[in-house]
Amino acid sequence: MTTLITRTITKICVPLCVFFSISLLLTGHDKPGGGFIGGVMFAASISLLYISFGLEDSKKYFNPDWSRYFSIGLLLATLAGLGSVFAGYKFLRSAFTFVNIPLIGELEISSAIVFDIGVYLVVIGGLLFIFKKVGDDQ
Amino acid sequence: MDQSVAIILAIFLPFIFAILVPYVEKIFKHRIGWYASFTALLTFILIATAAPSIIAGKTIQYSVKWLPSVGVDFGIYVDGLSLLIAFLASGIAIMIMAYSNEYMSHKEDLAAYYKYILLFMGSMIGMVFSANTIQLFIFWELTSITSFLLIGYWKHKPQSVYGAKKSLILSSGCGGLVMFVGFLLLRSITGTFDIPTIISDPSMINTIQGHELFVITLVFIFIGAAAKSAQGPFYIWLPNAMEAPTPVSAFLHSATMVKAGLYLVARVHPIFSGTEAWLILVAGTGMITMIGAGFLALRQTDIKGLLAYSTISQLAYIMTMYGYTTYQEPGIGVAAATFHLLNHATFKATLFLMVGIVAHEAATRDIRKLGGLRREMPLTFIIATIGALAMAGVPPLNGFLSKEMFYESSVMMGNNLGAPYTFIIPAVAVLGGVLTFAYSIKIIDGIFLGKRQDDHLPKKIHDPSAIMLAPTAALAFLVVLFGVFPSIPVNLIIEPAVAGILLDTVSLNVKLWHGLTPELFMTVITFVLGILLYTKYDDIARWQDRFNVRHPGISINYYYDKIVGNATYNAGRFSGKFQVGPIKYYIIPILLLAILSILVPVTLLSLEMFPVTLNFEIPPYELIVFLLIIITALLAAILPSYLPAVIAVSAMGFLVGIVFIFLLAPDLAITQILVETLTTIIFVLVIAKVPQTFKENITKRILLRDILISVTVASTVFIIMLYASQGIIPPFESVSHYFLEKSVLLTGGHNVVNVILVDFRSFDTLGEIAVIFLAALGVYNLIHSRGERK
Chain Y
98 MTTLITRTIT
108 KICVPLCVFF
118 SISLLLTGHD
128 KPGGGFIGGV
138 MFAASISLLY
148 ISFGLEDSKK
158 YFNPDWSRYF
168 SIGLLLATLA
178 GLGSVFAGYK
188 FLRSAFTFVN
198 IPLIGELEIS
208 SAIVFDIGVY
218 LVVIGGLLFI
228 FKKVGDDQ
Chain B
653 MDQSVAIILA
663 IFLPFIFAIL
673 VPYVEKIFKH
683 RIGWYASFTA
693 LLTFILIATA
703 APSIIAGKTI
713 QYSVKWLPSV
723 GVDFGIYVDG
733 LSLLIAFLAS
743 GIAIMIMAYS
753 NEYMSHKEDL
763 AAYYKYILLF
773 MGSMIGMVFS
783 ANTIQLFIFW
793 ELTSITSFLL
803 IGYWKHKPQS
813 VYGAKKSLIL
823 SSGCGGLVMF
833 VGFLLLRSIT
843 GTFDIPTIIS
853 DPSMINTIQG
863 HELFVITLVF
873 IFIGAAAKSA
883 QGPFYIWLPN
893 AMEAPTPVSA
903 FLHSATMVKA
913 GLYLVARVHP
923 IFSGTEAWLI
933 LVAGTGMITM
943 IGAGFLALRQ
953 TDIKGLLAYS
963 TISQLAYIMT
973 MYGYTTYQEP
983 GIGVAAATFH
993 LLNHATFKAT
1003 LFLMVGIVAH
1013 EAATRDIRKL
1023 GGLRREMPLT
1033 FIIATIGALA
1043 MAGVPPLNGF
1053 LSKEMFYESS
1063 VMMGNNLGAP
1073 YTFIIPAVAV
1083 LGGVLTFAYS
1093 IKIIDGIFLG
1103 KRQDDHLPKK
1113 IHDPSAIMLA
1123 PTAALAFLVV
1133 LFGVFPSIPV
1143 NLIIEPAVAG
1153 ILLDTVSLNV
1163 KLWHGLTPEL
1173 FMTVITFVLG
1183 ILLYTKYDDI
1193 ARWQDRFNVR
1203 HPGISINYYY
1213 DKIVGNATYN
1223 AGRFSGKFQV
1233 GPIKYYIIPI
1243 LLLAILSILV
1253 PVTLLSLEMF
1263 PVTLNFEIPP
1273 YELIVFLLII
1283 ITALLAAILP
1293 SYLPAVIAVS
1303 AMGFLVGIVF
1313 IFLLAPDLAI
1323 TQILVETLTT
1333 IIFVLVIAKV
1343 PQTFKENITK
1353 RILLRDILIS
1363 VTVASTVFII
1373 MLYASQGIIP
1383 PFESVSHYFL
1393 EKSVLLTGGH
1403 NVVNVILVDF
1413 RSFDTLGEIA
1423 VIFLAALGVY
1433 NLIHSRGERK
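These protein sequence lines are chains Y and B, in that order. All residue numbers for the first sequence refer to the working numbering, where the first residue is 98 and numbers rise by one. All residue numbers for the second sequence refer to the working numbering, where the first residue is 653 and numbers rise by one.
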């Protein structure tokens, strides 16, 4: 369906894009990025995989149930919010601290990352679920 | 404190165990009923831990803040009354679910069945322990919903669906919501939702009874109770609810859920009783329902239908007795009502389970086809006789005791009201008793006595296995036990319950033999007339049939069907006007409304604020991008088929991404470009499946209208942008300073866009990802429903 060039580039690009999306997610609090962008990045790279290799063929090797991702993501985001309630704060209140790691330097760690991972998973799951459903219905 | 923990656990345990049902089912397979039964047992034990202090005359109260801004707590209030209903709900659930192990076919969706029953049990227990009206209302509606699910359990049967809808419309829609308004009225009078606060404060009760909204509040709350307990005109849902599996009917629609209305009446008894309105409304509705339903019960040919009408009639007894209290020493009516409530739960559950056995073995519930089963099913026959005679009020069974108390309170009521009621009220009571006696006999005679109808019945019928027989027998045993040793239930359950209703300690003396009283005389009359009525029964049935044919308009069902039918039809026509199909017609009103909501305030805010200086210094390379955006936008509008139009739109999207780069907004630029990529792909995938050109025949008028709308929308957005470009106009202040200043300080993050998303405005983000969730489910359903229609 697609050319060898596309498929070769896809093979190289997709892992890079996935790593990039994860870095977007993790550094999002400080630098450009975040759960939403990271999630869309991830979804875009996986859709590239689906397009290059065809949905049917890629299913043989790689066929996650994306609906789980958005369900778990929403659950995670809600739990992240409830976590602060149980700690005695208001819903979704976050806490943060700075840690000094040798060679890397000062790093900010925020509990908001849990919420952001939830967002990340919902975006990935939601988009790819829709993508697969729409693409599947041939 | 620790007792309240047990009660809170008892409320939530069934919910948690219900959620676990699908997983546990994988292990237990069709024996899942034992798991459910065990849950009920556990709940029962938890509730029982509270019993000793309640019997000692205390109450348990506990609350935590829930919605402090509106004064609603999550609170529990345990007294004798709530304990009684909670015992019924969990105790009968044990037997019902054990029984269901055999009754329900293994091919059924058992996980759903037990899940719903456990959810119901939790809701019912939560309802009775609720300390405030809002919480009570929520659990109340949960019982309605679970009841709806259980009545409609056999989804493929249209009658089940009809019955389920009817029960939901009447008990939740017409009843629950009206009751909610009643609660709000009560709150407007008293200023609190908290039930114990209201009922324990005599001065507050005086205020309520003297308030001008008193009667309307009472009426609204009573409508909720009546709808739930199938009283007055609301009775029509209960017979249709018999489409549920028989154990469910035994549990929800005779022993527990329909008692919720009575519970509410008893709960608000301290607030409203002692007034004329209470007497007329509660006792009046009760008496009319008692006679009407008893009369209708007689003509039923389906035994389950007969039991349904008899339930309505028996609940009406209880309702009547709660209503009596205005003109007599309150203890007697309330005690009689509460005792009958317990007794009715035991003997009616026995009867329902017995009917389930008969239907299971003989494959029919039609009384015309049944008969003469006493030799084949001797044990079932004995159990049925116990249950039916208890209902008929024959000594030494428990129904006899509470019926005597009913007569006693009726006589007293009549005497206190004076002539002509001295005669009328006891006569109505006896008439109710006579009807009850007659249909109770009909149950025994119809199924077990007389001639066996070989044409209609299977060759071999026998008593069921122990799994079905034991729970039924256990309930029948309680019927006898409570009858022979009334002091057991009276001391342990009824006295605390009555004390809970009246907020005063009471001492009851219930005996089988209490001398030659007027009540005993009335009971003898009841038996004689009851037997007479049953022998003349055929003539009455013929008369009833003729009457029904001649007056179809007298049936409440007739009006119900007409109203619901009309409502459905008109709702269909109404939404058909708006749900026209093409997406364009959904977007137009949305856009117009958005314009209205912006243009009007802008005009009202006066045009003085309108920017005077317009800054159009745009670097040439940006100008090129803007020009390209305009060109792609025009192309998207005029290109003749989908694919080129979509490409134009996405080109425009990418160009906007470039603009974001010019504006030094990397977050937005990345997002814009990625989202644009994905939407383009999805668009193309969708387009591959639809006709390639626009179908709609665009006339000049439509074109003109569309252009007009587009231009208006665009200029509105343009005006808003102009305002925005002027910065913030005093006295308003910019919010962005706050975020920029506090971002690192409060959250430690430097990327303010992300900080807003996950910290400052994370609740909004939670809402947004919920939207993505729903959108994904929506797409799934759209694609699947399309597949089904093919």
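Keep in mind the hints are simulated off the structure, nothing from the lab. Certain hints may be false.
What the hints assert, rightly or not - Beyond 10 Å from chain B on every Cβ pair, some chain Y residues (computed):
(1) 99
(2) 100
(3) 108
(4) 120
(5) 151
(6) 155
(7) 156
(8) 159
(9) 182
To be verified - Heads up, simulated PhoX-like pairs for lysine-lysine below, C-alpha to C-alpha not over 25 Å straight-line:
(10) B:809 / B:1214
(11) B:1341 / Y:230
(12) B:759 / B:678
(13) B:809 / B:759
(14) B:1021 / B:1111
(15) B:1341 / B:1236
(16) Y:156 / Y:229
(17) Y:156 / B:1341
(18) B:678 / B:807
(19) B:1341 / Y:229
(20) Y:229 / Y:157
(21) B:1236 / B:1112
(22) B:681 / B:817
(23) B:681 / B:759
(24) Y:187 / B:717
(25) Y:156 / Y:230
(26) Y:230 / B:1111
(27) Y:187 / B:1394
(28) B:817 / B:1214
(29) B:1394 / Y:128
(30) B:1103 / B:1229
Where a beta carbon is used, it is the ideal one built from N, C-alpha and C, also for glycine.
Hints, one by one, checked against the model:
The beta carbon of residue 99 of chain Y is kept farther than 10 Å from every beta carbon of chain B, the shortest such distance being approximately 14 Å. Under the 10 Å C-beta cut-off, the non-interface status given to residue 100 of chain Y relative to chain B holds; the minimum distance is some 18 Å. Residue-level check passed: residue 108 of chain Y sits 19 Å from the nearest beta carbon of chain B, beyond 10 Å. For residue 120 of chain Y, the shortest C-beta to C-beta distance to chain B comes to about 12 Å, beyond the 10 Å cut-off, and the non-interface label holds.
Residue-level check passed: residue 151 of chain Y sits 13 Å from the nearest beta carbon of chain B, beyond 10 Å. For residue 155 of chain Y, the condition that its CB be more than 10 Å from all CB atoms of chain B holds, with the nearest at approximately 15 Å. With a minimum CB-CB distance of about 16 Å to chain B, residue 156 of chain Y clears the 10 Å threshold, and the non-interface call stands. Every Cβ of chain B is farther than 10 Å from the Cβ of residue 159 of chain Y; the closest lies at roughly 18 Å, confirming the non-interface assignment.
Under the 10 Å C-beta cut-off, the non-interface status given to residue 182 of chain Y relative to chain B holds; the minimum distance is some 12 Å. Between residue 809 of chain B and residue 1214 of chain B the CA atoms are separated by roughly 21 Å; this keeps the pair inside 25 Å, and the hint holds. Only pairs whose Cα atoms come within 25 Å are accepted, and residue 1341 of chain B paired with residue 230 of chain Y is accepted, the gap being roughly 13 Å. A hinted pair counts as satisfied when its Cα atoms are at most 25 Å apart, and residue 759 of chain B with residue 678 of chain B qualifies at roughly 14 Å.
With a C-alpha separation of about 16 Å, the suggested pair residue 809 of chain B and residue 759 of chain B falls inside the 25 Å cut-off, and the hint holds. Simply put, residue 1021 of chain B and residue 1111 of chain B have alpha-carbon atoms about 13 Å apart, close enough for the 25 Å limit, and the pair holds. Distance check on the hinted pair: residue 1341 of chain B and residue 1236 of chain B sit about 19 Å apart at the alpha-carbon level, within 25 Å; holds. Proposed proximity of residue 156 of chain Y and residue 229 of chain Y is supported: the alpha carbons are some 10 Å apart, at most 25 Å.
A C-alpha spacing of about 21 Å is found between residue 156 of chain Y and residue 1341 of chain B, which places the hinted pair at or below 25 Å, so the restraint holds. Restraint check for residue 678 of chain B and residue 807 of chain B: the C-alpha separation of about 23 Å stays at or below 25 Å, so the hint holds. A threshold of 25 Å between alpha carbons decides the hint, and for residue 1341 of chain B with residue 229 of chain Y the separation of about 15 Å falls inside it, so the pair holds. Between residue 229 of chain Y and residue 157 of chain Y, the direct Cα distance comes to roughly 14 Å. Compliance with the 25 Å bound is thereby established for this hinted pair.
With a C-alpha separation of about 67 Å, the suggested pairing of residue 1236 of chain B with residue 1112 of chain B is violated against the 25 Å cut-off. Proposed proximity of residue 681 of chain B and residue 817 of chain B is contradicted: the alpha carbons are some 30 Å apart, above 25 Å. Between the alpha carbons of residue 681 of chain B and residue 759 of chain B the distance comes to roughly 11 Å, so the proposed pair stays at or under 25 Å and holds. Distance hint between residue 187 of chain Y and residue 717 of chain B is fulfilled; the C-alpha atoms sit about 13 Å from each other, no more than 25 Å.
Restraint check for residue 156 of chain Y and residue 230 of chain Y: the C-alpha separation of about 13 Å stays at or below 25 Å, so the hint holds. Straight-line distance between C-alpha atoms of residue 230 of chain Y and residue 1111 of chain B comes to about 55 Å, which puts the hinted pair past the 25 Å bound. Proximity of residue 187 of chain Y to residue 1394 of chain B is assessed by CA-CA distance (about 18 Å); at most 25 Å being required, the pair is judged to hold. The suggested pairing of residue 817 of chain B with residue 1214 of chain B holds, with an alpha-carbon distance near 14 Å, which does not exceed 25 Å.
At most 25 Å may separate the alpha-carbon atoms for a hinted pair to count; residue 1394 of chain B and residue 128 of chain Y meet this at roughly 16 Å. Proximity of residue 1103 of chain B to residue 1229 of chain B is assessed by CA-CA distance (about 61 Å); at most 25 Å being required, the pair is judged violated.
Hint compliance for this structure: hints 21, 22, 26, 30 are broken, all remaining hints hold.
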